[in-house]
Every structure is written in structure tokens, then in C-alpha cells.
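Protein chains in written order, with the numbering used here: chain F, 6 to 89; chain X, 6 to 89; chain R, 6 to 89; chain S, 6 to 89; chain U, 6 to 89.
Accuracy of the hints is not assured; some may be wrong.
Since the list gives no way to pick one copy over another, a pair counts as held whenever it fits inside one copy or between any two copies.
[Said to hold, decoys possible] The list that follows gives simulated cross-link-like pairs (lysine to aspartate or glutamate, DMTMM-like), each with its CA atoms no further than 25 Å apart:
#, residue 1, residue 2
1, 49, 67
2, 19, 87
3, 19, 68
4, 19, 88
5, 49, 87
6, 49, 88
7, 19, 34
8, 49, 68
9, 27, 67
10, 27, 88
11, 19, 52
12, 27, 14
13, 27, 52
Calculated from the structure, these hints are not laboratory results.
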Amino acid sequence: MEIQRIVRDLVTTKRDSWLAAKSLRVVEDASGALSVALDPIGCKPGDFVITMGGTAARLATDDRRITTDLTIGGIIDHWSVDDW
Amino acid sequence: MEIQRIVRDLVTTKRDSWLAAKSLRVVEDASGALSVALDPIGCKPGDFVITMGGTAARLATDDRRITTDLTIGGIIDHWSVDDW
Amino acid sequence: MEIQRIVRDLVTTKRDSWLAAKSLRVVEDASGALSVALDPIGCKPGDFVITMGGTAARLATDDRRITTDLTIGGIIDHWSVDDW
Amino acid sequence: MEIQRIVRDLVTTKRDSWLAAKSLRVVEDASGALSVALDPIGCKPGDFVITMGGTAARLATDDRRITTDLTIGGIIDHWSVDDW
Amino acid sequence: MEIQRIVRDLVTTKRDSWLAAKSLRVVEDASGALSVALDPIGCKPGDFVITMGGTAARLATDDRRITTDLTIGGIIDHWSVDDW
């Protein structure tokens with residue numbers, strides 16, 4: 006799993022049907038690189054989270070057919086930019 | 006998922022049969038690195054999109070046997086080079 | 006598999022239910038980049054370990070539905086920072 | 006999928022039995038990094054190709070048990086070093 | 006598949022049970038970065054090999070439940086540091 010920080014929500018049009026009703030967040034890693042993660046938990050900008058990729062990303066949703074390759078698995082307690 | 010921008014179409018010969026009738030696009034990431042993504046939505050050059058990899062890429066097509074490892078999942082609203 | 010070193014434990018709230026009762030460790034690689042791995046063995050900070058990713062990470066737990074994409078597979082004997 | 010260029014054939018001994026009768030090519034990416042891809046199409050040095058990884062690499066062969074993680078999916082028309 | 010060179014054997018304690026009786030090797034890539042690969046063939050330090058990752062790594066062993074994400078698939082003939 007990777008440690009990432011929530012940047013903001015992501016709004017898309019013409020979205021794949023399996024992702025249509027899901028919350029997507031822009032996340033950044035320690036180097037500032039951006040990715041997009043599905044959020045089944047309810048995170049807010051600034052939260053440090055762990056994300057999982059691959060098949061684990063789909064298992065971490067409520068429906069394995071959901072077409073995510075990156076899903077938020079938990080909010081990290083006691084983490085700051087200095088720990089990164 | 007990754008945030009990428011559509012560069013152009015990709016034309017191939019001797020293509021794998023599962024990909025034969027599919028639209029492929031050259032996409033670039035924030036660093037300018039190029040990849041090729043299957044486009045089930047209909048994107049045009051300059052669109053910012055989210056792409057998913059791995060098994061999720063196949064689930065995002067209409068036939069799981071399609072041999073893609075990168076598929077476009079949606080067009081992003083309100084995104085510009087400055088957000089990247 | 007990758008060679009990584011245990012940095013510390015990771016405490017999360019609102020964790021995905023499959024990960025809820027599992028031990029998670031922050032690990033670092035030779036370049037100092039941090040990841041999070043599930044620990045089914047019982048490691049302590051400073052241990053050098055091998056980690057496996059992808060589906061192998063789930064197979065290395067006692068329940069394949071566990072949503073990990075990185076799991077510790079063993080503690081390395083006779084390894085030091087100089088070997089890295 | 007990635008855009009890569011055929012460098013040369015690869016000859017191995019003691020090869021895994023599933024790969025034994027298959028053509029393998031050394032391919033390079035835009036940065037010059039080398040990988041090895043299974044070639045079910047018949048490419049020659051200098052051809053620009055698209056390659057797929059992961060499970061898609063196995064689906065792009067005629068037998069899903071073949072132990073490839075990178076397979077050539079098509080030869081690109083109208084591509085040159087300048088496009089890279 | 007990647008081109009890597011055998012560095013040395015790897016000895017671990019408290020190893021995952023599926024890996025317990027298997028030979029593991031430390032391998033390096035062209036940049037000198039180290040990984041750990043399962044060796045079903047019998048390689049010696051200095052051999053240049055191809056390695057496969059993901060599910061292909063498990064298929065290249067004699068038991069798909071083995072928790073490897075990197076397996077040696079063959080020894081390369083006629084390869085030297087200059088080819089790298």
C-alpha cells in the first residue's frame with residue numbers, strides 16, 4: 006500500500022458506468038505526483054491515507070466489478086508532512 | 006487511476022485480433038511520457054482523462070477478453086495544464 | 006520480491022474491514038521511499054524483509070480476500086545497509 | 006500499452022517450458038531501457054510496436070498458461086524516433 | 006520480462022510457508038537496483054537471466070499457490086554487460 010494525501014475531488018463526464026456513482030479523489034504522493042483513487046470511506050482534503058492497487062483495489066469496494074485500480078483503504082492517524 | 010491527456014490516434018498493422026476493431030489513443034502524463042490506451046468513450050486530442058490499468062482496464066471494456074492493460078474511464082471536467 | 010526495511014507500525018482509523026485486524030508496517034526501500042506492508046510474521050523496526058506485491062501479496066496471508074497489495078514474506082538473515 | 010522498438014532476438018538456454026517454443030525479442034522504450042517481449046506477430050529489428058503487460062500479455066498469446074508478462078500486440082504505422 | 010543478473014543467494018528466517026523450500030536469488034537490473042527472484046532453474050552468480058512478474062511469476066513455478074511475484078524464466082546466451 007502507498008501513503009498518499011487527499012488533494013481534492015474529481016469531477017468527470019462520460020464516466021465508465023461501473024465508476025458512475027462512486028466518489029473519486031485526486032491524491033498526491035511524497036514527490037507530489039498525482040493519481041486518482043476511489044474513496045469508499047469518505048475522506049477530506051489534507052487527510053493522509055493508505056491506498057491499495059491492482060486486484061486489491063477492487064476487493065476493497067463493495068462490488069468486485071468496479072473498474073478501479075486504486076482505492077483508499079484507511080485514514081492514517083498521527084502522520085504529518087514531516088513523516089513523509 | 007492516472008490523469009492523462011489525449012495526444013492523437015494510433016494506427017497499427019498486424020494488430021492482435023482482440024484489439025482489432027478498437028480505438029486506440031496515444032496519451033501522455035504530466036511528465037510527457039507516452040502510453041497507449043483503449044478508448045471506449047470517444048475522446049479527442051487535448052481531452053484530460055482518467056485511465057485505469059491492470060485487470061480493471063479489461064473490465065472497463067465490453068468484453069473481458071480484450072487484451073488491453075490501459076483503458077480510458079472518463080473525461081475530466083475543469084482540468085487544465087496548471088492543475089497537473 | 007523487494008528488499009525493504011521496517012520503519013515503524015502504522016495506525017489508521019476508518020480502515021477497510023478486511024484489513025481491520027491486521028498488522029501494518031511502514032517499510033522503506035534502498036532509496037528511502039516509504040510504502041505500507043501487511044505483516045503476517047511479526048517484524049520489528051530495523052528488520053530487513055522481503056515483500057511481495059500483486060496477487061502474491063494476498064496469497065501470502067491466511068485469507069485471499071484480504072485487501073493487501075504488499076505483504077512481508079520473510080526476514081532476511083545477514084543483510085545490512087552496506088548490502089543494499 | 007507501451008510504445009517500444011524491436012532491438013534484436015533473444016536466445017536463452019534452460020528456458021521455462023511454457024516459453025520454450027516462443028519468439029522473444031529485446032525491446033527498448035523511449036529512454037533506451039531494455040525489456041523482453043513475447044512476439045506472436047513476427048517483428049523485425051527497428052519496428053515500433055505496442056506491448057501489453059500483466060494478464061493482458063497472456064491473453065494476447067494463443068495459450069493463457071504461457072508465462073509472459075509482456076507481449077507485442079501490433080506494429081505501429083507511421084511512427085518515427087521524432088514522435089517518441 | 007526483464008533482463009537481470011544473479012548477484013547471490015538469499016537466506017531468510019520466518020519465511021512464508023509457500024516459499025519455504027524454494028531457492029531465492031538476489032538479482033540486479035541495468036541500473037544496479039536489487040530485487041529478489043524465485044529460481045526454479047538453478048542459476049549461479051553472474052548469470053544473465055530473464056525474469057517475469059505478476060501472475061506469470063506464479064505460473065512459472067510448479068505450484069500456482071507459491072507466493073512469488075518475480076520468477077526466473079531462462080538464462081540468456083551471449084549477453085554481457087556491454088549489451089545492457
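Now for the hints, and whether the structure bears them out:
For the homomeric pair residue 49 and residue 67, the shortest alpha-carbon distance inside one copy (21 Å) is at most 25 Å, but the shortest distance between copies (33 Å) is not. For the identical chains of this complex, residue 19 and residue 87 are inter-copy neighbours only, at 22 Å across copies versus 39 Å inside a copy, given an alpha-carbon limit of 25 Å. With identical chains, the CA atoms of residue 19 and residue 68 are at most 25 Å apart both within one copy (21 Å) and between copies (19 Å). When the C-alpha separation of residue 19 and residue 88 is checked against a cutoff of 25 Å, the pair qualifies only between copies, where the shortest distance is 20 Å, while the shortest distance within a copy is 38 Å.
In this homomeric assembly, residue 49 and residue 87 come within 25 Å of each other (Cα to Cα) both inside a single copy, at 20 Å, and across copies, at 22 Å. For the homomeric pair residue 49 and residue 88, the shortest alpha-carbon distances inside one copy (19 Å) and between copies (18 Å) are both at most 25 Å. In this homomeric assembly, residue 19 and residue 34 come within 25 Å of each other (Cα to Cα) only across copies, at 20 Å, whereas the closest approach inside a single copy is 27 Å. Proximity of residue 49 to residue 68 under the C-alpha cut-off of 25 Å is restricted to the intra-copy arrangement: shortest distance 23 Å within a copy versus 31 Å between copies.
Proximity of residue 27 to residue 67 under the C-alpha cut-off of 25 Å is found in both arrangements, the shortest distances being 11 Å within a copy and 20 Å between copies. Taking CA atoms no more than 25 Å apart as the test, residue 27 paired with residue 88 passes between copies only; the shortest distance there is 22 Å, against 30 Å inside one copy. Taking identical chains as interchangeable, the C-alpha atoms of residue 19 and residue 52 lie at most 25 Å apart only when they sit on different chains, with a minimum of 12 Å there against 28 Å within one chain. Taking CA atoms no more than 25 Å apart as the test, residue 27 paired with residue 14 passes inside one copy only; the shortest distance there is 11 Å, against 29 Å between copies.
Proximity of residue 27 to residue 52 under the C-alpha cut-off of 25 Å is found in both arrangements, the shortest distances being 19 Å within a copy and 21 Å between copies.
Checked against the numbered hints given earlier, the structure satisfies every one of them.
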